[in-house]
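Undergrad: Per this note's numbering, the sequence shown starts with residue 231, numbered consecutively.
Do not take every clue at face value.
Unchecked claim - Distance condition first, Cα-Cα at most 20 Å in a straight line; then the derived PhoX-like pairs of lysine-lysine:
hint : residue 1 : residue 2
1    : Lys-339   : Lys-366
2    : Lys-240   : Lys-284
3    : Lys-284   : Lys-317
What the hints assert, rightly or not - Pairwise CB distance ranges, derived in the manner of DEER restraints:
hint : residue 1 : residue 2 : range
4    : Tyr-254   : Asp-328   : 29 to 37 Å
5    : Tyr-254   : Asn-342   : 42 to 50 Å
6    : Val-355   : Asp-328   : 16 to 24 Å
7    : Pro-365   : Glu-404   : 41 to 49 Å
Hints listed in this document are in silico derivations from the structure and should not be mistaken for laboratory results.
Since we're looking at a predicted model, the values are computed, not measured.
Each residue gets a CB set at the ideal place from its N, CA and C atoms; glycine is no exception.
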Amino acid sequence: MIDRFLEGNKTFIEGEFTEHRDYYRDLATGQSPTVLWIGCSDSRVAPERITSAKAGEIFVHRNIGNIVRIGDWNFATILEYAVKHLKVSDIVVCGHSDCGAIKALASDKESNEAYIPLWLSNAAVARATVETKMPKPTKAEDLRAWHRMIEEENVKLQLENLRTYPIVREAEKEGKVTVHGLYFDLETGKLDQIA
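Please put together the full structure from these sequences, using the hints given.
TA: Structure representation (structure tokens):
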């Protein structure tokens, strides 16, 4: 598999990189993205790919379930760098359909894993909120819609968590940053703003 990626890199160099050499030369000296994108690690949801963004336009942080954990020093560092140094004007939290993290969160099965359930506890309120509106269905076709409700609710929850960070609250208050909740549908390829 790595050989395929190395060959793909040669194709990139011979094509895109060579055709836009000046653009990539400028990128080699620094970045100035306008967006901080907080997305899921899911391999099907690559931000640059689904938005047709160029290299250097999006500063990306990805994790299982597009979670913004409250009090996370790693995440706080990313926020501080994006807002204070890169001066991004927009912060996006993007969820997506068929999210494995949400399926795991929605499952009632006992897990023998150590880290995933602990991490997903940061999204548990999203499931609880949806359950107050609609109990977990038993039919497969209804379950899919229920999962989507949790996926979308999770984006809204993570936006709330994002705003617990003083750097985001201050930047929003001063009009330096706008926060967005997006949702990507894998079946249609459509990206929608949901919050």
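Undergrad: Is the straight-line distance between the alpha-carbon of Lys-284 and that of Lys-317 20 Å or less?
TA: 18 Å, holds
Undergrad: Return holds or violated for the Cβ distance of Tyr-254 and Asn-342 against the range 42 to 50 Å.
TA: Given range 42 to 50 Å: holds, Cβ gap about 46 Å.
Undergrad: Do the alpha carbons of Lys-339 and Lys-366 lie within 20 Å of each other, as the hint requires?
TA: Satisfied, since the Cα-Cα distance of roughly 14 Å is no more than 20 Å.
Undergrad: For the range 29 to 37 Å, tell me whether the beta carbons of Tyr-254 and Asp-328 fit it or not.
TA: 34 Å Cβ-Cβ, so the 29 to 37 Å window holds.
Undergrad: Is the distance from the Cβ of Val-355 to the Cβ of Asp-328 consistent with 16 to 24 Å?
TA: Given about 21 Å between the Cβ atoms, the range holds.
Undergrad: Honestly, do Pro-365 and Glu-404 meet the 41 to 49 Å range at C-beta?
TA: 43 Å, holds
Undergrad: Would you mind confirming whether the straight-line C-alpha gap from Lys-240 to Lys-284 stays at or under 20 Å?
TA: Holds. Lys-240 to Lys-284 sits at ~18 Å (cutoff 20 Å).
Of the numbered hints listed earlier, not one is contradicted by the structure.
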